[in-house]
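Chemist: Quick mapping for you: the protein sequence lines, in order, are chains A and B. If you read the first sequence in my numbering, its first letter stands for residue 1, the second for the next number, and so on. If you read the second sequence in my numbering, its first letter stands for residue 1001, the second for the next number, and so on.
Hints in this document: simulated from the structure, not taken from any laboratory. Accuracy of the hints is not assured; some may be wrong.
[Stated by the list, open to error] The calculated DSBU-like cross-link candidates involving lysine-lysine, where the alpha carbons are at most 30 Å apart (straight line), are:
hint	chain 1	residue 1	chain 2	residue 2
1	B	Lys1104	B	Lys1051
2	A	Lys106	A	Lys237
3	A	Lys149	B	Lys1012
4	B	Lys1051	A	Lys264
5	B	Lys1104	A	Lys65
6	A	Lys171	B	Lys1060
7	A	Lys266	B	Lys1052
8	A	Lys149	A	Lys7
9	B	Lys1051	A	Lys7
10	A	Lys269	B	Lys1012
11	B	Lys1060	A	Lys7
12	A	Lys266	A	Lys171
13	A	Lys264	A	Lys238
14	A	Lys149	A	Lys171
15	A	Lys269	A	Lys136
16	B	Lys1012	A	Lys136
17	A	Lys238	A	Lys65
18	A	Lys269	A	Lys106
19	B	Lys1060	A	Lys237
20	B	Lys1012	A	Lys238
21	B	Lys1051	A	Lys149
22	B	Lys1060	B	Lys1104
23	A	Lys238	A	Lys171
24	A	Lys7	A	Lys139
25	B	Lys1012	A	Lys264
26	A	Lys136	B	Lys1051
27	A	Lys106	B	Lys1012
28	B	Lys1052	A	Lys7
29	A	Lys136	B	Lys1104
30	A	Lys269	A	Lys139
31	A	Lys106	A	Lys149
32	B	Lys1104	A	Lys139
33	B	Lys1104	B	Lys1052
34	A	Lys65	A	Lys149
35	A	Lys238	A	Lys269
36	B	Lys1104	A	Lys149
37	A	Lys264	A	Lys136
For clarity, every value in this text was computed on a predicted model and none was experimentally measured.
Chain residues, written in single-letter form:
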Amino acid sequence: MSRTEGKNLRVLLYEGPGSTPLENEARYQALSSLLNNGFEVTRPVEGQQVAPPDDSPLLILGLLKHPPDVAADVEVYVRNLADMSPVDAAREVREETGARALEAWKPWFPVIDFDRCTNCMQCLTFCLFDVYAVDKQQKITVQNQDNCKTDCPACSRVCPEVAILFPKYAKGPINGDVVREQDVQREAMKVDITTLLGGDLYGSLRTRQREARARFSTERDESKALLERKRCLGKLKKSLDIPDEVLMTLPSAEDIEERAARAKAKLAKRQAGSQTVRDSRPAPSDKEWGI
Amino acid sequence: MKILYCNCTYAKIVPTEVKQSVLRQLSDSGLAFDAVADLCDMSARRDPGLKKIADGGCTKIAACYPRAVKWLFHAGGAPLQDESVTVLNMREDAAVDIVRELVK
Chain A
1 MSRTEGKNLR VLLYEGPGST PLENEARYQA LSSLLNNGFE VTRPVEGQQV APPDDSPLLI
61 LGLLKHPPDV AADVEVYVRN LADMSPVDAA REVREETGAR ALEAWKPWFP VIDFDRCTNC
121 MQCLTFCLFD VYAVDKQQKI TVQNQDNCKT DCPACSRVCP EVAILFPKYA KGPINGDVVR
181 EQDVQREAMK VDITTLLGGD LYGSLRTRQR EARARFSTER DESKALLERK RCLGKLKKSL
241 DIPDEVLMTL PSAEDIEERA ARAKAKLAKR QAGSQTVRDS RPAPSDKEWG I
Chain B
1001 MKILYCNCTY AKIVPTEVKQ SVLRQLSDSG LAFDAVADLC DMSARRDPGL KKIADGGCTK
1061 IAACYPRAVK WLFHAGGAPL QDESVTVLNM REDAAVDIVR ELVK
């Protein structure tokens, strides 16, 4: 199962008729511990509005004198806080229902601001991990969130419209903060990758690889080549804020060229009015990328 | 009017003292509310709960930047009705100001 699949368990912290209201501290601790363990919690109050149940399993928790009557078209479980802690109760029901458990992952994926996006496809062409695709309306979309590399905001750095957000990112405007004129100007400078790397990106990679090969053959100086690679990667890392871990997984120059050619062909096909909606091919595996 | 609180459980980007203070005051307020572990996580999963939150009128959301929240709901298949939603930013604003807006 993908880390983005599965239903969450929703907990209803019940203090209505047939129950003893919780002390303020106990209620806060229950809420806090449940949320920190990945559960969703609703505190209902008679006469006030909360989100209606969806199809997630529902756990009713409270200091219950008798089980409350709940009219809901979902699986309902009841546990008494007099018998167990909120988190123990929720974990027990989670196991029983197969609901999703808290995972050790940061939800890291690009979110597109369609008020700013001009559908230029630069992100689709740039991303080496097949995160982006084109939908039925020929609009850019985020298709493979799981492929996105945690803490890498590089695609948002190359977006000329500052239209790609990573809400968990530390700094604005990538984190969703207001986009200012100077942000647009700065990104417009960064987007010029040709300037960034002193020429065409793929050409530049090709040249560097050719030079590195030549050096190996003439000088047999492995350390110089490694230094050169380190220098180039350092430049890229600094300019686009790419984490080390992502640089370590970058595909080879040939793979990048192939990927670029594929993306260009795909775009050309779509622009020619093809009805193709999505690339039906699975994302390349680590092995295919040569990682 | 509905209230939604996001705990941003999966990352430490919202100041802990602000999160805790907002949650505590909401908890003590006597107001009904929904609290989610992490809106980003729900958006990534296209959680149907997002639609239940987005539908049905006026909503106040205590989370992070309004632009991020708006497009997270959109990405999750549950676009918000801009005119009926107020987003309060726990990354930037003080807990006291957020709670004042929530209970208003």
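Chemist: Now look at each hint and say whether the structure bears it out.
Modeler: Status of each hint after checking the structure:
| no. | hint | result |
| --- | --- | --- |
| 1 | Lys1104(B) with Lys1051(B) | holds, 24 Å |
| 2 | Lys106(A) with Lys237(A) | holds, 21 Å |
| 3 | Lys149(A) with Lys1012(B) | holds, 18 Å |
| 4 | Lys1051(B) with Lys264(A) | violated, 36 Å |
| 5 | Lys1104(B) with Lys65(A) | violated, 34 Å |
| 6 | Lys171(A) with Lys1060(B) | holds, 24 Å |
| 7 | Lys266(A) with Lys1052(B) | violated, 37 Å |
| 8 | Lys149(A) with Lys7(A) | holds, 24 Å |
| 9 | Lys1051(B) with Lys7(A) | holds, 14 Å |
| 10 | Lys269(A) with Lys1012(B) | violated, 43 Å |
| 11 | Lys1060(B) with Lys7(A) | holds, 24 Å |
| 12 | Lys266(A) with Lys171(A) | violated, 33 Å |
| 13 | Lys264(A) with Lys238(A) | holds, 27 Å |
| 14 | Lys149(A) with Lys171(A) | holds, 17 Å |
| 15 | Lys269(A) with Lys136(A) | holds, 14 Å |
| 16 | Lys1012(B) with Lys136(A) | violated, 36 Å |
| 17 | Lys238(A) with Lys65(A) | violated, 61 Å |
| 18 | Lys269(A) with Lys106(A) | violated, 35 Å |
| 19 | Lys1060(B) with Lys237(A) | violated, 39 Å |
| 20 | Lys1012(B) with Lys238(A) | holds, 23 Å |
| 21 | Lys1051(B) with Lys149(A) | holds, 27 Å |
| 22 | Lys1060(B) with Lys1104(B) | holds, 10 Å |
| 23 | Lys238(A) with Lys171(A) | holds, 15 Å |
| 24 | Lys7(A) with Lys139(A) | holds, 28 Å |
| 25 | Lys1012(B) with Lys264(A) | violated, 38 Å |
| 26 | Lys136(A) with Lys1051(B) | holds, 22 Å |
| 27 | Lys106(A) with Lys1012(B) | holds, 10 Å |
| 28 | Lys1052(B) with Lys7(A) | holds, 14 Å |
| 29 | Lys136(A) with Lys1104(B) | violated, 43 Å |
| 30 | Lys269(A) with Lys139(A) | holds, 14 Å |
| 31 | Lys106(A) with Lys149(A) | holds, 10 Å |
| 32 | Lys1104(B) with Lys139(A) | violated, 40 Å |
| 33 | Lys1104(B) with Lys1052(B) | holds, 23 Å |
| 34 | Lys65(A) with Lys149(A) | violated, 49 Å |
| 35 | Lys238(A) with Lys269(A) | violated, 35 Å |
| 36 | Lys1104(B) with Lys149(A) | violated, 41 Å |
| 37 | Lys264(A) with Lys136(A) | holds, 18 Å |
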